[in-house]
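Peer 1: The primary structure of each chain is shown beneath.
2 protein chains.
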Amino acid sequence: MNYSYKMHLMYDGTHYSGWQIQPHALSIQQLVQNAVRTLTREEANVIGSGRTDAGVHALEQVAHFRVVEKVHLEAFQRSINGILPKDIRLAKIEEVAPDFHAQRSALAKEYHYHLSFGPFVSPFERSYVWHVAWKLDLDLLRQAAAFFVGTHDFSSFTNSAHHGACAKNPVRTVTKVDVVEKPNSLILEFKANGFLYKMVRNLVGTIVEVASGKRTLDELHHIMAAKDRRLAGHSAPAQGLFLVKVYYKDGV
Amino acid sequence: MNYSYKMHLMYDGTHYSGWQIQPHALSIQQLVQNAVRTLTREEANVIGSGRTDAGVHALEQVAHFRVVEKVHLEAFQRSINGILPKDIRLAKIEEVAPDFHAQRSALAKEYHYHLSFGPFVSPFERSYVWHVAWKLDLDLLRQAAAFFVGTHDFSSFTNSAHHGACAKNPVRTVTKVDVVEKPNSLILEFKANGFLYKMVRNLVGTIVEVASGKRTLDELHHIMAAKDRRLAGHSAPAQGLFLVKVYYKDGV
Numbered sequence: 000m001n002y003s004y005k006m007h008l009m010y011d012g013t014h015y016s017g018w019q020i021q022p023h024a025l026s027i028q029q030l031v032q033n034a035v036r037t038l039t040r041e042e043a044n045v046i047g048s049g050r051t052d053a054g055v056h057a058l059e060q061v062a063h064f065r066v067v068e069k070v071h072l073e074a075f076q077r078s079i080n081g082i083l084p085k086d087i088r089l090a091k092i093e094e095v096a097p098d099f100h101a102q103r104s105a106l107a108k109e110y111h112y113h114l115s116f117g118p119f120v121s122p123f124e125r126s127y128v129w130h131v132a133w134k135l136d137l138d139l140l141r142q143a144a145a146f147f148v149g150t151h152d153f154s155s156f157t158n159s160a161h162h163g164a165c166a167k168n169p170v171r172t173v174t175k176v177d178v179v180e181k182p183n184s185l186i187l188e189f190k191a192n193g194f195l196y197k198m199v200r201n202l203v204g205t206i207v208e209v210a211s212g213k214r215t216l217d218e219l220h221h222i223m224a225a226k227d228r229r230l231a232g233h234s235a236p237a238q239g240l241f242l243v244k245v246y247y248k249d250g251v
Numbered sequence: 000m001n002y003s004y005k006m007h008l009m010y011d012g013t014h015y016s017g018w019q020i021q022p023h024a025l026s027i028q029q030l031v032q033n034a035v036r037t038l039t040r041e042e043a044n045v046i047g048s049g050r051t052d053a054g055v056h057a058l059e060q061v062a063h064f065r066v067v068e069k070v071h072l073e074a075f076q077r078s079i080n081g082i083l084p085k086d087i088r089l090a091k092i093e094e095v096a097p098d099f100h101a102q103r104s105a106l107a108k109e110y111h112y113h114l115s116f117g118p119f120v121s122p123f124e125r126s127y128v129w130h131v132a133w134k135l136d137l138d139l140l141r142q143a144a145a146f147f148v149g150t151h152d153f154s155s156f157t158n159s160a161h162h163g164a165c166a167k168n169p170v171r172t173v174t175k176v177d178v179v180e181k182p183n184s185l186i187l188e189f190k191a192n193g194f195l196y197k198m199v200r201n202l203v204g205t206i207v208e209v210a211s212g213k214r215t216l217d218e219l220h221h222i223m224a225a226k227d228r229r230l231a232g233h234s235a236p237a238q239g240l241f242l243v244k245v246y247y248k249d250g251v
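Listed in order, the protein sequences are those of chains A and B. The numbers in numbering that gives the first Met the number 0 rise by one with no breaks, and the one at position 55 of the first sequence is 54. The numbers in numbering that gives the first Met the number 0 rise by one with no breaks, and the one at position 67 of the second sequence is 66.
By construction, these hints were calculated from the structure, which means they are not laboratory data.
Keeping only pairs whose Cα atoms sit at most 20 angstroms apart, straight-line, the calculated SDA-like set for lysine to any residue is:
1) A:Lys244 - B:Phe123
2) A:Lys85 - B:Ala237
3) A:Lys91 - B:Glu124
4) B:Lys91 - A:Ser115
5) A:Lys85 - B:Ser115
6) A:Lys91 - B:Phe116
7) A:Lys175 - A:Leu58
8) B:Lys85 - A:Glu124
9) A:Lys134 - B:Arg77
10) B:Lys181 - A:Leu58
11) A:Lys91 - B:Pro118
12) B:Lys85 - A:Ala237
Remember, it's a predicted structure, so these values are computed and weren't measured experimentally.
Here chain A stands alone, though its shape is the one from the complex:
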């Protein structure tokens, strides 16, 4: 292969079974790969930075493909956005070094989780937030969020089902869990060198349980140490979760 391309993709995950290609399900990776093959007339594989689950959104998912023939970037972007459904967009495409790999070259990722308070959710937010209609203690929420910053074994916060390969090393370094307050809503911003399967949603579910008074801050130490998924909180719903950025060396 002569040319490697890096794509920035945006998608509304509501109507898909997730990023990853799987039989008998409509995946974003499949639709993007089909479109890339149609345009390049080559059997290119589209490799993403990692999976996102059914219903999870992306402001910036990164994927690469390699082809023999050079691609005209501007025409390619226009054409693929003509082929793809409107809930998936190619925001940017650039040529990269042949050793660039969307998953293996990734240094860090950032996910945001959107909570909505108040008596009702706006129709325009209905697929993009978790509606928490009960009262949260925001001081406890902030303390629970801060607890997860650092290098930890996150075994208690991953669902291992059919993801053996990823779970080999359950240690991750979380570099931020910021709490951004807005009127009647709140965003939890996570950045780490990598995330285990369902890790963000399990962290959010547990943080919200602490902020709801269902668990204490002290329990978090115990849950983390136990390395047992059954001890942590429920998964927060997929629809509040956005992949917002994948970090690479030198910004590439």
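Use these hints to put chain B onto chain A, whose structure you have.
Peer 2: Then chain B, alone, in the frame of chain A:
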């Protein structure tokens, strides 16, 4: 009837045939009225401030209904939002004087129209903007917008089909057409004492034709004076349009 209630409704109009009840079509008014009748167990009619077309959204549509039995406001809001689909929400309900009428008491209305520029539309905006992919002259756009402020006969900017009653007096007073620029997008904000059928979309279509160089500013005088719908620009697509506020005396 003993009690009158004013409702503030929000909706995503994408999946509806519009506000107004009509046979063989799914309208927002019908769904709200069904829900009100279910909760009050009375044959109340829900009357809106005016129609919105298929695909048009509302940040604030106002409607009223009258009943014999008093309504518990908080419980009513919670219950009706449990019955209504998630793309229609009751944002607020309050008791009003018995002579309040959502349409006849309205003093003014405000509509916003969202334009999106750039090579592609975000998946999260896809149902809420008109994608104008070509170059607009924003100075011309601002001048065309300003032209419509004032009291005019807007016959050239209304589609009269099956709206005989509304078209009796085609004179309206437009008190603002503001142009709010954002990165890669723009909002046209209209306020008037009333709008004729499809008037906002016809004004937006014409303003964009001027900003595209397809029509001159001078032509606008001629089009307005001619009182002939065929002379004005195309209707802008419904999906960019939001009813954002209905004004009443004393803010009621």
